[in-house]
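**Q** Model the placement of chain L on the given structure of chain W, informed by the hints.
Sequence lines, in order, name chains W and L.
When we follow my numbering, the leftmost residue of the first sequence carries the number 85, and every step to the right adds one.
When we follow my numbering, the leftmost residue of the second sequence carries the number 85, and every step to the right adds one.
Don't read these hints as lab results, they were simulated from the structure.
One thing to keep in mind: the hints can contain errors.
Unchecked claim - Label-pair ranges, simulated between beta-carbon atoms: (1) L:GLY157 x W:GLY389: 45 to 51 angstroms; (2) L:ARG215 x W:ARG278: 33 to 39 angstroms; (3) L:GLY288 x W:GLU375: 49 to 55 angstroms; (4) W:GLN205 x L:ALA370: 39 to 45 angstroms; (5) L:GLU178 x W:GLY240: 33 to 39 angstroms; (6) L:GLU383 x W:PRO373: 40 to 46 angstroms; (7) W:GLU375 x L:ALA193: 15 to 21 angstroms; (8) W:GLU375 x L:ALA274: 32 to 38 angstroms; (9) W:GLU241 x L:GLU289: 36 to 42 angstroms; (10) W:ARG284 x L:LYS223: 49 to 55 angstroms.
To be verified - Quick look at which bits of chain L chain W covers, simulated, 3 or more residues with Cβ under 8 angstroms: (11) 270-283; (12) 338-347; (13) 380-394.
Virtual Cβ for every residue (Gly too), placed ideally from N, Cα, C.
Protein chains: 2
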Amino acid sequence: MQQSDLHTVTISEVGPRDGLQSVSGVMPTADKFKWIDALYAAGLREIEVASFVPAKLLPQMADAAAVVKHAVGLPGLTVMALVPNLRGAQAALEAGVHKITIPVSASQAHSLANVRKTREQMVEEVRGIVRWRNESAPKVPVEVGMSTAFGCTIQGEVAEDDVIALAAQLVQSGVDEVGLSDTTGMANPAQVRRLFTRLRAEIGERAGAAHMHNTRGLGLANCLAAWDVGVRTFDSSLGGLGGCPYAPGASGNVVTEDLVFMFEAMGLRTGIDIEKLIAARAPLMAGLPGEPVYGMTPEAGLPRGFRGHLS
Amino acid sequence: MQQSDLHTVTISEVGPRDGLQSVSGVMPTADKFKWIDALYAAGLREIEVASFVPAKLLPQMADAAAVVKHAVGLPGLTVMALVPNLRGAQAALEAGVHKITIPVSASQAHSLANVRKTREQMVEEVRGIVRWRNESAPKVPVEVGMSTAFGCTIQGEVAEDDVIALAAQLVQSGVDEVGLSDTTGMANPAQVRRLFTRLRAEIGERAGAAHMHNTRGLGLANCLAAWDVGVRTFDSSLGGLGGCPYAPGASGNVVTEDLVFMFEAMGLRTGIDIEKLIAARAPLMAGLPGEPVYGMTPEAGLPRGFRGHLS
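Only chain W is shown next, with the shape it has when bound in the complex:
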């Protein structure tokens, strides 16, 4: 295969944020460092390491600033943090993150349950964050991960027109990237293709990552569908850790190990060494004893004769 034929995929690991904030246990800071180091050693170059929220709401994230400060020491790593509001964004930028991501719900009902704000109030919050970023850290991209873009466990169906209109409004507000999240595991491949195609038509290169859940087993099929229509960045979580505690019945981020196996087996380059990725489960499990981890590829092992690009 010639160099020019190579397709690359970016895997954005969300376990240290999305995973850890969804479990009841609290991973000690030193264990987070070891886990993030292991993810980095496996080749991950974009990691969402923390959420800047009040420690009394999410004690799992009380050490967010310390975790960011550690992660920015890893050369070439894009260190992301989730911020739900301006105060969080200020703290994240002060800690030195390279990119911030803001959750904005397509569903009004989910927005109120998740961040106690309407969609419109969240857009206003995003504007404030963008203004602050423009003044204090103009090189730090602001991404929105649009929650419940494919359906909502509270309100049911979410109109596709609403998703696209909200994305356009966010870009007009100065957001650099808008990705779509299947917070509730309701997406199907046909819908994924339709929505990401419309998203790209509406906001062009500002169309961002696919964040899929495996709630009904369709996680990888939905990632494949997104790849087919041009998505090149995928969120996933080592061991499938996490989900959304505010979307009743929802569970299960796409498993990083299985996602990387799929793309590497297809001949695409993730930059990740699967064997080292599987080894990165050890510090996760050591830092969070008793927490179940998932993944079919680690359980079955790599196929005989399988060679990823880095193995």
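**A** Coordinates of chain L only, in the frame set by chain W:
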């Protein structure tokens, strides 16, 4: 949607054969009847109900003739049986099956392990079966499910040219349909698209079903990939029961419930009522106490507001 725009998918349920012959327990004949009736009630119209092999090798299939005789009483159901040799085919045709399926391995090593014959000996066996069929039951189609078409746990990689050449040889031998099986869970979506595209180019409308496994979590993604290149019949197993005992490390048929959910959610018609399909797990579990069943959709439940074509 106009009638002419509707796409339909055939789900070929293999649980009563592939599933039951892979577990250690033996489901009593009366329970098999109840389970098959429940699958039929859910809308399944193609079921592989038995394997015609010596009872001393597979005691789970000792009642194959009785099960076929029951199943052919269900109007509109295509009753399939697996046969590894001429003797099995004779017994299956005598029992009254509507379609027979023969496993032929693309991998020489797997062929020897699975049926103690070389690939070439199996092609010869297939010719004998076709001759017998032509004389005794000319309307009964003969299908080959090509095992290890996407890789083999024993020999490793299987050359795509070998798969296509074998398919052509089988069609020349009088086989009506050749499907491709990912016996070992090694397939990836790019390979699935390539191989089924080549298969159709080589043998046209005689290209048959996709039989995918979920060993590394890619089962549904591979089915989606097969759908994309024109495959319209998919094997799967209720509760994910089964696998291949002769392919070490392989496990896990695609789960019928998740597969039907994916296609129905995409707006395709399977003819299956998912709620009744999930209800068909009860007689399976009653007839095989303690045997684990899988499936994400039954566990998560259908999404709020979800409507399949028949619900």
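**Q** Could you tell me which of the hints above the structure violates, numbers in ascending order?
**A** 2, 4, 5, 6 and 7
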